[in-house]
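S.K.: Protein sequence lines, in the order shown, are assigned to chains A and B. Residues in the first sequence are numbered consecutively from 250, following the working numbering. Residues in the second sequence are numbered consecutively from -1, following the working numbering.
None of these hints come from the bench; they were simulated from the model. Virtual Cβ for every residue (Gly too), placed ideally from N, Cα, C. Just so you know, not all the hints are guaranteed correct.
[Unchecked claim] Simulated restraints on C-beta separations:
(1) A:I285 x B:S282: 28 to 38 Å
(2) B:S282 x A:Y374: 53 to 63 Å
(3) A:L350 x B:G346: 42 to 52 Å
(4) B:S282 x A:L394: 53 to 63 Å
(5) B:S282 x A:A286: 47 to 57 Å
(6) B:P348 x A:L394: 28 to 38 Å
(7) B:K388 x A:G295: 44 to 54 Å
[Claimed, not checked] In silico EDC-like cross-links for lysine to aspartate or glutamate, where the CA-CA straight-line distance does not exceed 20 Å:
(8) B:K313 x A:D436
(9) B:K209 x B:D142
(10) A:K494 x B:D96
(11) B:K258 x B:D268
(12) B:K312 x A:D313
(13) A:K494 x B:D84
(14) B:K69 x B:D271
(15) B:K345 x B:D96
(16) B:K388 x B:D373
(17) B:K358 x B:D92
(18) B:K312 x A:E310
(19) B:K312 x A:E445
(20) B:K69 x B:D96
(21) B:K273 x B:E442
(22) B:K313 x A:E542
(23) B:K216 x A:D313
(24) B:K313 x A:E310
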Amino acid sequence: MTRTSARGAKAKAGSDQVSPHLYGLRRSTTVVLNLIAVGFAAFVLGPLVWLFFSATKSQAEIYDSFGFWFAGPFRLWHNLSALGQNVSGTGIFVHWLGNTLLYAIGGAVGATILSALAGYGFSRYSFRGANTMFLLVMATLLVPLTAIALPLFLFYSKVGLVNSVWGMILPSMVSPIGIYLMRTFIDASVPKELIEAARLDGASELWIFWRIALPLAFPGLMTVLLISIVAIWNNYFLPLIIFSKASLYPLTVGLSALSQAAETGTKAELVPVLITGGLVTVVPLILLFLVLERYFRGGMLQGSVTG
Amino acid sequence: MNVPNTRAVGRVGARRTSALAAIAAASVLALSACSGSNDDTASSAGSDAAKSSPTSTASSTTASCSAGATKLTFWGWPTGYDLAVDKFNQTHPDICVDLENAGAAGDEYTKLSDTIKAGSGAPDIATIEYFELPSFEVSNSLVDLSDYGIDSAKSNEASIAWQQVSQGSHVYAMPVDLGPMALFYNQKQLTAAGITQPPATWTDFAAAADKLHAKDPKAAITNFDPESPQDVLALMQQYGAFPFTYSGGSKLGISFTGEKQLAFAKYWQDLIDKKEATTAADFSPQQWSNFDSGATASRLSPAWGPVGMQLSIKKTIGDWRTASLPQVTAGSNASGSWGGSTLAVVKGTPHAKEAAEFVKWFGGSDDAWQILSGDVAGAFPAYVPLLNDKTFQSKTLPITGDSTPNAVFATAAQHVQAAEWPPIMTAALTQWTSTFAGVTKGTETLQEAFTEFQSQLTKYATSQGFTVSGSN
Chain A
250 MTRTSARGAK AKAGSDQVSP HLYGLRRSTT VVLNLIAVGF AAFVLGPLVW
300 LFFSATKSQA EIYDSFGFWF AGPFRLWHNL SALGQNVSGT GIFVHWLGNT
350 LLYAIGGAVG ATILSALAGY GFSRYSFRGA NTMFLLVMAT LLVPLTAIAL
400 PLFLFYSKVG LVNSVWGMIL PSMVSPIGIY LMRTFIDASV PKELIEAARL
450 DGASELWIFW RIALPLAFPG LMTVLLISIV AIWNNYFLPL IIFSKASLYP
500 LTVGLSALSQ AAETGTKAEL VPVLITGGLV TVVPLILLFL VLERYFRGGM
550 LQGSVTG
Chain B
-1 MNVPNTRAVG RVGARRTSAL AAIAAASVLA LSACSGSNDD TASSAGSDAA
49 KSSPTSTASS TTASCSAGAT KLTFWGWPTG YDLAVDKFNQ THPDICVDLE
99 NAGAAGDEYT KLSDTIKAGS GAPDIATIEY FELPSFEVSN SLVDLSDYGI
149 DSAKSNEASI AWQQVSQGSH VYAMPVDLGP MALFYNQKQL TAAGITQPPA
199 TWTDFAAAAD KLHAKDPKAA ITNFDPESPQ DVLALMQQYG AFPFTYSGGS
249 KLGISFTGEK QLAFAKYWQD LIDKKEATTA ADFSPQQWSN FDSGATASRL
299 SPAWGPVGMQ LSIKKTIGDW RTASLPQVTA GSNASGSWGG STLAVVKGTP
349 HAKEAAEFVK WFGGSDDAWQ ILSGDVAGAF PAYVPLLNDK TFQSKTLPIT
399 GDSTPNAVFA TAAQHVQAAE WPPIMTAALT QWTSTFAGVT KGTETLQEAF
449 TEFQSQLTKY ATSQGFTVSG SN
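Chain A extracted, bound-state conformation (with noise of 0.2 Å):
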């Protein structure tokens, strides 16, 4: 929330002189604005920390030694190490990496495309019952996946997508949240002129589609990309319901099921393995927003710059 209004009140601010203090704030309200900013940047960013820590030690350590430091001789390259190992199937780690890659990218650019096309097509295109389908794909959102659990996976069963990569990938092409951006994103920055401009030209509606509102809506597709890769990447309940071959497993599922084995405790020593299966998880999630931060942040300020 504090982003959005720090947002809408940065693209007011856009075209006038910023004053030293910034939207005539004074400064003893930026100190604490700023304070309470670091709070959540702790709040979010502790348990990383933990993560990373936790990674260099043993069980014992783990459970014994404060957490927002090192304890112990440092077992990062051991621990990394045990993730490839077979320990009875926890190797298969680097198995449920590839499969999360797997359904992450092809389940996002997916997504991405559909979005594109129905947010293009809800933006652009005046047709009968237009609003009615626009809310029937909002009312969606408002379906919890666990409702539908047991009907989804009869359902599943029925046209053979359990067990199949393609029954994590297909559904996770479907992004409401997705196609409600791109209309957003689509109803701001391509203008209808431009449309009619190009129609009058001879372009055909392909054309437009790929050629003009394609590039103009390119941050809004990245943000989609990202929005979505982080979804699917997270996802936990769908990957959980529709395969039981732990082959197929994302790292969510698979993390979880190394979680259960190693709360109890068997004679390999797990809790270890696990924060570092964690901290690998995360990794690239963190590594894939510094790279699209520029277009997901220009995705988002585009307005304020041009306007």
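Following the hints, complete the assembly by docking chain B onto the known chain A.
M.R.: Chain B in isolation, oriented as in the chain A frame:
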């Protein structure tokens, strides 16, 4: 085609601002919504299974089977099961078992009942914990193994294990492992407090708790996690206060408010009130560090507990010893069981005979147990020849120094009190945690939680069509 870009920009600018604000809001919502719901599912699934038997992530066995072999699918999650399956496939060329990890405990049960409802995708054989068997029996989902000569395995299984897999002459699963409970205590600490003998009765145990606490106000005699249903139920079982009676059909006894149950609740509530029992969550970092720091001097531990414990503590390795659980009446030797699982053959399999042969081998043969009790799997047997085995009984662990914990646990395994699980355990386990959370927080007593749980569970069972008889 050059379209001047500037033409449209000015006009839509104002709308953009609001649209972008909406995007930002929606994306923040979307991100937090996904992560939120994920956490919920993950943690609830985790806590279910965390409190059950030792689990792991057995990967799929890529069995090298001969072409004509009968193929069986086997769902199981405990560590090392893949090794035993490999051994079976090598020694039984006519049968080819394919092990799949369909999730641990609750995750697997959900999938199993879903696939049974769907009519396809169910395995031939599934790992099911003792407490969950009646739920599958009542939905008529399991093959009666007594039709396939399972009875010959009976004499080799601990009587509590066999009692839990059978209803009368019907046998619905083959027992594999068991979690008999014993008192696992820090001998150094208790001796230092003047407690030289492990308490023989619960009265002695409470007295020892007083003594220890008087000497060191920071020390509690043991840990009691009110939110861990399987732990509490195992202790109730040993106390002669097991709250359920069920022997198939639609009649179900639920008694959390009977005389014995409330006496059990009072006993523990008193220890908790006096700070002589800690209430850290089972398997939590807090619990481990309590054991290591001396804040908690003993653990009422299942047989599979010590191996995990010695990886999670470091200062007191070698100080721990094992004794029978304290008794209600002096001279008896009752125990309870926490965890343990079975192999059941799922109805609808076209190969029930082969599946029965496999489960009988898996739970009841020297070959299988050599692997299952080995270093990787570390399961505690319900298989009597191994329980009585001298080498097995004299095994030592770093955490217990030169003592032999298996000897005590093996005796306990033979004296686990009867337990009849109700066919509504999934619901009971889910409800338990929220009802008993107040006891940990100190906002309600264990007696109050028992009373509340009694009415909640009775209501649920009645709504499921059971005729419930309550406490007397």
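S.K.: Tell me, which hint numbers fail for this structure?
M.R.: 3, 4, 5, 8, 9, 14, 19, 22
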